[in-house]
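Novice: Sequence:
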Amino acid sequence: MAAQQRWKNAYNKVRGQSTPLFNGDDTPPGKVEEEARLAVATELLDHIRRFEPSITQTLRNIATELGAELYGLQHRLKTAKSLADKLTASRPDEIKDALRYTVGFRYGEKGEAISIEHQQEFIEKVTYTFYTLSRRGIKAVRIKNTFHDRLGYRGINANFLLPDRSSQFEIQLHTAQSFRLKSAEHGLYEEARAIERGIESGAYAKNDESVRTNLLKLQEAQRNVYKQIATPLGIHEWVRSIGAENLNFAWEGMDFETFRNKRKLSPAEYRFFTERVKTNLRKLQAIGA
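Heads up: the sequence shown begins at 1257 in the working numbering, then just goes up one per residue.
If you're looking for bench data, these hints aren't it; they were derived computationally from the structure. Check each hint, because a few of them may be wrong.
Derived pair list, reagent style DSS-like, types lysine-lysine, alpha-carbon separation capped at 27 Å [to be verified]:
id : residue 1 : residue 2
1  : K1395     : K1483
2  : K1395     : K1462
3  : K1337     : K1352
4  : K1366     : K1483
5  : K1352     : K1334
6  : K1473     : K1483
7  : K1395     : K1473
8  : K1352     : K1366
9  : K1395     : K1342
10 : K1462     : K1342
11 : K1462     : K1473
12 : K1334     : K1400
13 : K1337     : K1473
14 : K1400     : K1352
15 : K1473     : K1342
16 : K1334     : K1395
Label pairs and their computed distance ranges (CB to CB) [as the list claims (entries may be wrong)]:
id : residue 1 : residue 2 : range
17 : E1368     : E1321     : 35 to 41 Å
18 : G1323     : A1459     : 43 to 49 Å
19 : T1314     : K1462     : 17 to 23 Å
In this text, a Cβ means the ideal position worked out from N, Cα and C, and glycines have one as well.
Can you make the complete structure from the sequences, with help from the hints?
Specialist: If you want it as structure tokens, here you go:
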């Protein structure tokens, strides 16, 4: 533990904190930072591994109940090296995806259009996933729903607290269609992020027009990929982007009056969602009881 604290002190010093660097140590500062970041990353992962098996089993159970799939489960934990790289720009307490999951619902799996009924089933199963996690004591910190036309990435990203509330982990929720296209777009995302990091670090001049032009082209290519993803009808009323202080899993009180995708529900749609969704959600709750 003393060794870990020493690396933390070194890391804090490199990050601009007041803790003194090693006394009498002639290790080059760059090497100190590299090893400090790796030690902190390793310690963080060791702590998360205490809780990972039970969280994974809970999500396996939910996926089995709902006919879903946990995509990329073998990569649920970041490597120490990957996490250490992320610590170059983030404090340990800012890391929210050292443990991450992707829950995929098999709509649009074969490239087919997603019917209104299947869109509605996706919404039911997303709400049931959050309901079940809440009931198991896994507290949500943030839910971000980007299934709309204004942004590139489309999906639901949520952060939850570990049982000891020491750190956060991430769950993404997708249709098979949105996950497939997200995966296809990942190379474009990495290229764009590399340029953005280069601008932030000063490796690229902020006024370099060629760099800016390349970044804009990559971002436009990303948007073109995401335009192919269906926005499930009603998703913005059922799964809102909310912070921890507003989380409420008593779905009976939902307000359906206005969609955030710029139009109101018709009377028929209103009846469809209020009656069918609530009825089916109660069935799902009964299955999981």
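Novice: Can the restraint linking K1395 and K1483 be considered satisfied, given a maximum Cα separation of 27 Å?
Specialist: violated, 32 Å
Novice: Next pair to validate is K1395 with K1462; report whether the Cα-Cα distance is within 27 Å.
Specialist: violated, 40 Å
Novice: Is the hinted pair K1337 and K1352 satisfied, with a Cα-Cα distance of at most 27 Å?
Specialist: With a Cα-Cα distance of about 16 Å, the restraint between K1337 and K1352 holds, given a limit of 27 Å.
Novice: Looking only at beta-carbon atoms, does the pair G1323, A1459 fall within the given range of 43 to 49 Å?
Specialist: The hinted range 43 to 49 Å holds for G1323 and A1459, with Cβ atoms some 46 Å apart.
Novice: Quick one, are K1337 and K1473 close enough, alpha carbons at most 27 Å?
Specialist: Violated: K1337 and K1473 sit about 30 Å apart, past 27 Å.
Novice: For the pair we were handed, K1462 and K1473, check the Cα-Cα distance against 27 Å.
Specialist: Roughly 17 Å separates the two Cα atoms, so the pair holds.
Novice: Quickly compare the C-alpha distance for K1352 and K1366 to 27 Å and report which way the hint goes.
Specialist: The given pair, whose Cα atoms are some 32 Å apart, is violated under the 27 Å limit.
Novice: K1366 and K1483 were given as a pair; does the straight-line alpha-carbon distance stay at or below 27 Å?
Specialist: holds, 18 Å
Novice: Is K1462 within 27 Å of K1342, Cα to Cα?
Specialist: With a Cα-Cα distance of about 22 Å, the restraint between K1462 and K1342 holds, given a limit of 27 Å.
Novice: Under the criterion that the straight-line Cα-Cα distance not exceed 27 Å, is the pair K1395, K1342 satisfied?
Specialist: holds, 25 Å
Novice: Check the hint pairing K1334 with K1400 against an upper bound of 27 Å on the C-alpha distance.
Specialist: OK: K1334 and K1400 at ~21 Å, within 27 Å.
Novice: Falls inside 17 to 23 Å, the C-beta gap from T1314 to K1462?
Specialist: violated, 45 Å
Of the numbered hints listed earlier, those contradicted by the structure are 1, 2, 7, 8, 13, 17 and 19.
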